[in-house]
Amino acid sequence: MQYPQLSLLLEAGGILACNRHLTASHRVPAVANYFLTGEIMQKEKTHATAIELKGITKTFGSVVANNQIDLSVRKGEILALLGENGSGKTTLMNMLSGIYRPDSGSVLLNGEAVTINSPEDAIEFGIGMIHQHFKLVDVLSATDNIMLGVKGGSRWLKKTRSDKIQEISRHFGLDISPEKKIYQMSVGEKQTVEILKVMYRNANILILDEPTAVLTPQETKKLFDILRRMKAEGCAIIIITHKLNEVMEISDRVTILRKGESIATVETAETNAHELTELMVGRPVELSIDRPENGFEETLLEVHHLTVANEEGFEAIQDIKFELKRGEILGVAGIAGSGQKELCEAMAGLLPVSKGAILYNKENIIGKSPEEIIKMGISMSFIPEDRLGMGLAASMGMVDNMMLKTYKKNKGPFVSRKEARELSKRLIKQLGIVTPGVDTPVRRLSGGNVQKVLLGREIESNPNVLITAYAVRGLDINSSYTIYDSLNEQKQKGVGILFIGEDLDVMLELCDRIMVLCHGKVTGIVEAKTSTKEEIGLLMTGGSGKEGSADA
Amino acid sequence: MRESSSKRHYNEPLARIVKKDAMSNQRMAAYSVFALILAIAAGGVFIFSLGYNPFKVYATIVSGAFRSSISTQGTIKIAIPLLIASLGITHAFKMQFWNIGAEGQIIMGGIFATYFALFHSDWPHWLLMLVMCAAGMLGGGLWALIPAFFKTKYGTNETLFTLMLNYIALYMIKYLAEGPWLDPKASGFPKIASFEKNARLDEVFGVHAGWIIGLVLVGVVYFYLKYSKQGYEIAIVGESENTARYAGMNVKKIIMRTMFLSGAICGIAGMTQVSGAAYTLSEGVAGGVGFTAIIVAWLAKLNPFVILLVTIGFSVLEKGSSVMQSSFGLPTSVSDILQGIILFFILGCDFFTRYKLIFRKGGQKNDN
Numbered sequence: 001m002q003y004p005q006l007s008l009l010l011e012a013g014g015i016l017a018c019n020r021h022l023t024a025s026h027r028v029p030a031v032a033n034y035f036l037t038g039e040i041m042q043k044e045k046t047h048a049t050a051i052e053l054k055g056i057t058k059t060f061g062s063v064v065a066n067n068q069i070d071l072s073v074r075k076g077e078i079l080a081l082l083g084e085n086g087s088g089k090t091t092l093m094n095m096l097s098g099i100y101r102p103d104s105g106s107v108l109l110n111g112e113a114v115t116i117n118s119p120e121d122a123i124e125f126g127i128g129m130i131h132q133h134f135k136l137v138d139v140l141s142a143t144d145n146i147m148l149g150v151k152g153g154s155r156w157l158k159k160t161r162s163d164k165i166q167e168i169s170r171h172f173g174l175d176i177s178p179e180k181k182i183y184q185m186s187v188g189e190k191q192t193v194e195i196l197k198v199m200y201r202n203a204n205i206l207i208l209d210e211p212t213a214v215l216t217p218q219e220t221k222k223l224f225d226i227l228r229r230m231k232a233e234g235c236a237i238i239i240i241t242h243k244l245n246e247v248m249e250i251s252d253r254v255t256i257l258r259k260g261e262s263i264a265t266v267e268t269a270e271t272n273a274h275e276l277t278e279l280m281v282g283r284p285v286e287l288s289i290d291r292p293e294n295g296f297e298e299t300l301l302e303v304h305h306l307t308v309a310n311e312e313g314f315e316a317i318q319d320i321k322f323e324l325k326r327g328e329i330l331g332v333a334g335i336a337g338s339g340q341k342e343l344c345e346a347m348a349g350l351l352p353v354s355k356g357a358i359l360y361n362k363e364n365i366i367g368k369s370p371e372e373i374i375k376m377g378i379s380m381s382f383i384p385e386d387r388l389g390m391g392l393a394a395s396m397g398m399v400d401n402m403m404l405k406t407y408k409k410n411k412g413p414f415v416s417r418k419e420a421r422e423l424s425k426r427l428i429k430q431l432g433i434v435t436p437g438v439d440t441p442v443r444r445l446s447g448g449n450v451q452k453v454l455l456g457r458e459i460e461s462n463p464n465v466l467i468t469a470y471a472v473r474g475l476d477i478n479s480s481y482t483i484y485d486s487l488n489e490q491k492q493k494g495v496g497i498l499f500i501g502e503d504l505d506v507m508l509e510l511c512d513r514i515m516v517l518c519h520g521k522v523t524g525i526v527e528a529k530t531s532t533k534e535e536i537g538l539l540m541t542g543g544s545g546k547e548g549s550a551d552a
Numbered sequence: 001m002r003e004s005s006s007k008r009h010y011n012e013p014l015a016r017i018v019k020k021d022a023m024s025n026q027r028m029a030a031y032s033v034f035a036l037i038l039a040i041a042a043g044g045v046f047i048f049s050l051g052y053n054p055f056k057v058y059a060t061i062v063s064g065a066f067r068s069s070i071s072t073q074g075t076i077k078i079a080i081p082l083l084i085a086s087l088g089i090t091h092a093f094k095m096q097f098w099n100i101g102a103e104g105q106i107i108m109g110g111i112f113a114t115y116f117a118l119f120h121s122d123w124p125h126w127l128l129m130l131v132m133c134a135a136g137m138l139g140g141g142l143w144a145l146i147p148a149f150f151k152t153k154y155g156t157n158e159t160l161f162t163l164m165l166n167y168i169a170l171y172m173i174k175y176l177a178e179g180p181w182l183d184p185k186a187s188g189f190p191k192i193a194s195f196e197k198n199a200r201l202d203e204v205f206g207v208h209a210g211w212i213i214g215l216v217l218v219g220v221v222y223f224y225l226k227y228s229k230q231g232y233e234i235a236i237v238g239e240s241e242n243t244a245r246y247a248g249m250n251v252k253k254i255i256m257r258t259m260f261l262s263g264a265i266c267g268i269a270g271m272t273q274v275s276g277a278a279y280t281l282s283e284g285v286a287g288g289v290g291f292t293a294i295i296v297a298w299l300a301k302l303n304p305f306v307i308l309l310v311t312i313g314f315s316v317l318e319k320g321s322s323v324m325q326s327s328f329g330l331p332t333s334v335s336d337i338l339q340g341i342i343l344f345f346i347l348g349c350d351f352f353t354r355y356k357l358i359f360r361k362g363g364q365k366n367d368n
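Protein sequence lines correspond, in order, to chains A and B. 259 is the number that the UniProt record's numbering gives to position 259 of the first sequence; each next residue is one higher, with no gaps. 81 is the number that the UniProt record's numbering gives to position 81 of the second sequence; each next residue is one higher, with no gaps.
The reader is advised that the hints may include incorrect statements.
[Stated by the list, open to error] Okay, derived cross-link-like pairs now, DSBU-like style, lysine-lysine, Cα gap no bigger than 30 Å in a straight line:
id, chain 1, residue 1, chain 2, residue 2
1, B, Lys229, A, Lys409
2, B, Lys356, A, Lys418
3, B, Lys153, A, Lys368
4, A, Lys408, B, Lys356
5, A, Lys408, B, Lys20
6, B, Lys226, A, Lys429
7, A, Lys429, B, Lys229
8, B, Lys356, A, Lys529
9, B, Lys226, A, Lys259
10, B, Lys19, A, Lys368
11, A, Lys54, B, Lys20
12, A, Lys243, B, Lys226
13, B, Lys19, A, Lys418
14, B, Lys253, A, Lys368
15, B, Lys252, A, Lys409
16, B, Lys301, A, Lys368
17, A, Lys355, B, Lys19
18, A, Lys180, A, Lys221
19, B, Lys151, A, Lys368
20, B, Lys153, A, Lys54
21, A, Lys418, B, Lys153
22, A, Lys411, B, Lys19
23, A, Lys429, B, Lys20
24, A, Lys190, A, Lys221
25, A, Lys135, B, Lys253
26, B, Lys229, B, Lys185
27, B, Lys94, A, Lys418
28, A, Lys418, B, Lys229
29, A, Lys408, B, Lys253
30, B, Lys226, A, Lys425
31, B, Lys252, A, Lys408
32, B, Lys19, A, Lys408
[As the list claims (entries may be wrong)] Residues of chain A placed beyond 12 Å of chain B at every Cβ, according to the derived structure:
id, residue
33, Ser62
34, Asp103
35, Ile373
36, Arg417
37, Glu527
Rather than coming from a laboratory, the hints here were simulated on the basis of the structure. Cβ atoms here follow ideal geometry from the backbone N, Cα and C, with glycine treated the same way.
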């Protein structure tokens with residue numbers, strides 16, 4: 001069991017939240033009661049609407065993020081909110097949690113119109129949101145994070161402030177350490193704290209914004225078990241996701257948003273992944289990813305005993321070894337923060353290497369600057385995770401961004417924007433980049449278009465090694481498939497591609513081999529054709545089932 | 001608990017801040033002009049509250065700056081160092097390197113140039129002028145290089161560093177005036193000797209040639225920043241150092257080079273001041289120009305041509321307010337207040353170019 005505390009804590013939380021009329025002394029019997037009569041209770045609680053949105057509209061400047069959206073969640077129901085990136089899911093949920101205010105429309109809570117002006121109001125209404133990016137203070141303990149901003153009580157921090165949490169822990173036999181600092185926690189533990197934070201505030205309407213993005217398959221399964229129990233307890237749950245298999249697995253109903261409008265709400269039992277995709281994208285989409293075969297054999301890049309320290313001096317990559325062949329897509333899987341970023345930056349020459357060698361045609365490229373690596377005739381393209389912070393200049397237009405790596409080639413002291421301008425225009429056509437003009441600052445483009453600008457530029461430079469970090473993060477289905485196609489095209493040209501990914505389903509379809517990182521070490525390299533999600537999930541958490549959760 | 005909360009009266013706030021679309025440049029310019037008009041109006045209310053006719057005072061300021069050829073020349077003289085220094089710090093600001101040490105860089109430019117004026121005044125005039133100009137650039141440039149070096153090497157804070165160097169430069173003048181460069185003819189009074197005619201910058205149309213240097217620099221800086229490879233590098237480093245490293249740029253080298261350039265241009269301002277305006281080196285050589293230049297560069301959004309316009313505006317205000325002082329008996333601090341009001345409005349208008357306020361509709365509450 002990997003995070004036993006997660007499930008039990010939530011169980012406790014859910015019960016606390018949904019049975020708030022009970023006093024502390026009644027809680028234990030309430031749990032027993034649930035275990036005995038959970039089924040019956042569920043049936044009793046599935047009628048009333050917990051929250052309803054009517055005609056919600058929200059605009060940012062001329063961008064209509066939400067247009068006349070209707071949505072409702074019943075008590076004891078899991079509603080999946082499905083939509084491509086930029087379809088307005090997060091905006092809508094931010095209005096429910098009081099971060100934004102709708103321009104027009106109304107919110108009905110238990111049939112009564114309310115105005116949610118702030119996150120505080122939302123909490124008071126029992127609405128809790130678990131954000132995609134954890135909103136925790138790293139240097140504080142779990143207890144302090146949970147207590148942060150809780151109203152009432154004494155003015156002073158009491159020594160007993162973690163007693164309530166500990167009391168809950170003791171009551172339910174939880175293995176949580178309330179004094180543990182957030183920065184010492186794993187991603188799963190952090191999510192536990194986030195959820196507990198919301199439940200501590202008696203939330204009974206729970207919004208989860210892409211909660212599984214950072215979890216391993218095993219952790220995801222565990223989270224879903226918890227959500228199902230909370231649902232049985234009568235909580236209303238909204239889960240934002242764009243993973244279709246998860247929608248099918250966990251939800252009762254699905255509301256689909258497209259371009260800021262609610263397109264349809266369907267019963268999960270009466271639909272399938274294809275129909276949902278069609279609703280989401282607006283037209284039929286082929287969902288399979290190609291994995292073309294080619295005859296390349298030679299090894300392009302050999303990495304030996306590579307050890308890299310990150311900026312804090314911590315060894316983020318420890319003694320790893322792999323090779324990359326021509327015409328191959330080598331996937332890199334792992335929980336976020338397992339050393340992916342450092343591996344990429346070390347290979348691109350942006351981070352100093354403490355030990356080891358990277359051989360390109362038997363020549364070591366360690367210690368060379370990006371410029372020198374390019375001069376050696378190795379064209380290595382790196383598509384970093386933080387596209388606007390590294391890789392692009394956010395407030396410059398496409399033209400100026402196109403010449404980022406080539407501006408030196410022009411003779412004389414001046415830059416020539418002519419070729420860059422032509423290239424920009426060509427890429428707009430080729431990749432279907434949507435932009436008001438080639439000089440519009442790239443930060444004003446949507447995530448997918450920003451990625452296309454970056455990928456387009458890198459592919460134009462005819463690389464023989466292409467490193468992509470989270471190439472499709474934040475992209476809609478269409479854009480994602482455009483990117484997969486482009487990568488396959490490069491693969492067929494003999495380019496060796498290192499694909500740092502997070503969606504295992506995609507990686508199993510797209511990659512030839514998958515290397516799994518855990519805490520900066522390679523725990524395994526598997527053939528994608530013959531491997532499974534479960535196998536990779538185990539490797540992600542540190543090996544062959546010794547400490548992983550094989551039973552989950 | 002929830003039962004009570006749903007009964008609680010939740011009102012919409014009076015006004016909400018909502019993000020706007022990006023504006024066109026023309027629209028932005030229109031906003032700035034509108035803000036300027038508002039600033040002048042607000043300043044008028046202030047003058048009126050002091051018991052004066054704001055129209056007359058404003059008219060005096062403008063006419064005071066141009067009422068005779070001498071006053072026009074005076075206005076231009078004020079503008080020259082301001083223009084050059086603003087162009088200098090624009091380089092650093094474009095790189096998001098917060099150089100607030102223009103004052104010190106001007107002074108060091110002045111000191112280096114003064115050395116040749118004092119000790120090599122027998123050189124041919126044109127050669128002496130060129131050498132003094134080069135020396136000024138070197139002085140300002142080296143002075144700016146110090147914080148750049150420590151920033152790239154040890155990650156020191158450039159804002160504090162450049163600020164502190166200003167005072168060191170200032171006291172260096174004091175030292176020179178009281179010691180090594182003491183004017184022997186001043187009978188003990190601590191001052192540096194006036195430059196000989198040969199070491200003075202020529203006048204063109206009644207004003208020292210600094211204005212030509214300034215105007216030429218406007219064009220040169222514009223082209224350098226916009227069309228040169230180095231200008232492109234400056235912009236990229238300013239945008240994101242990570243992106244610059246990613247593109248294979250030598251970020252440290254770019255920072256050092258750009259800061260040298262930034263200081264060198266400020267150094268030119270120092271050279272024109274000592275050889276064109278004061279004909280000597282005194283503690284007042286920079287006189288706060290280095291700080292005003294920050295405001296000018298910022299208001300002009302780092303565009304050299306707009307810097308020229310803003311500089312002229314500031315110079316008119318400064319020259320005109322000295323006339324205002326003599327004809328109305330208003331203290332010069334009034335012009336400082338007017339400057340402050342203008343700054344407040346123009347910088348404040350930035351908010352309205354990016355956001356708009358939406359007020360609660362009267363009487364209506366949370367329904368549509």
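- 12 Å Cβ clearance of serine 62(A) from chain B: At about 5 Å from chain B, serine 62(A) fails to clear the 12 Å cut-off, so the statement is violated.
- Does isoleucine 373(A) really sit off the interface, with its C-beta more than 12 Å from all C-beta atoms of chain B? violated, 8 Å
- Message: For a C-alpha distance cap of 30 Å, please report whether lysine 408(A) and lysine 356(B) respect it.
- Response: Violated, at about 42 Å.
- With d taken as the least Cβ-Cβ distance between aspartate 103(A) and chain B, does d exceed 12 Å? The claim is violated: aspartate 103(A) sits with its nearest Cβ about 8 Å from chain B, within 12 Å.
- Is the straight-line distance between the alpha-carbon of lysine 94(B) and that of lysine 418(A) 30 Å or less? Roughly 23 Å separates the two Cα atoms, so the pair holds.
- Message: With the threshold set at 30 Å, check whether the alpha-carbon distance from lysine 151(B) to lysine 368(A) stays at or below it.
- Response: holds, 23 Å
- For the pair supplied as a hint, lysine 229(B) and lysine 185(B), is the alpha-carbon distance within the 30 Å limit? The given pair, whose Cα atoms are some 51 Å apart, is violated under the 30 Å limit.
- Query: Is lysine 252(B) within 30 Å of lysine 409(A), Cα to Cα?
  - Reply: holds, 21 Å
- Within 30 Å, alpha carbon to alpha carbon, are lysine 252(B) and lysine 408(A)? It holds: about 17 Å lies between the C-alpha atoms, which stays within 30 Å.
- Are the Cα positions of lysine 54(A) and lysine 20(B) separated by 30 Å at most? Holds: lysine 54(A) and lysine 20(B) sit about 25 Å apart, inside 30 Å.
- Measure nothing beyond the straight line between the CA atoms of lysine 19(B) and lysine 368(A); if it is 30 Å or shorter, mark the hint as holding. violated, 45 Å
- Holds or violated: lysine 190(A) with lysine 221(A), Cα cutoff 30 Å? holds, 17 Å
In summary, the structure is inconsistent with hints 2, 4, 5, 8, 9, 10, 12, 13, 16, 17, 20, 21, 22, 25, 26, 32, 33, 34, 35 and 36 from the numbered list given earlier, while agreeing with the others.
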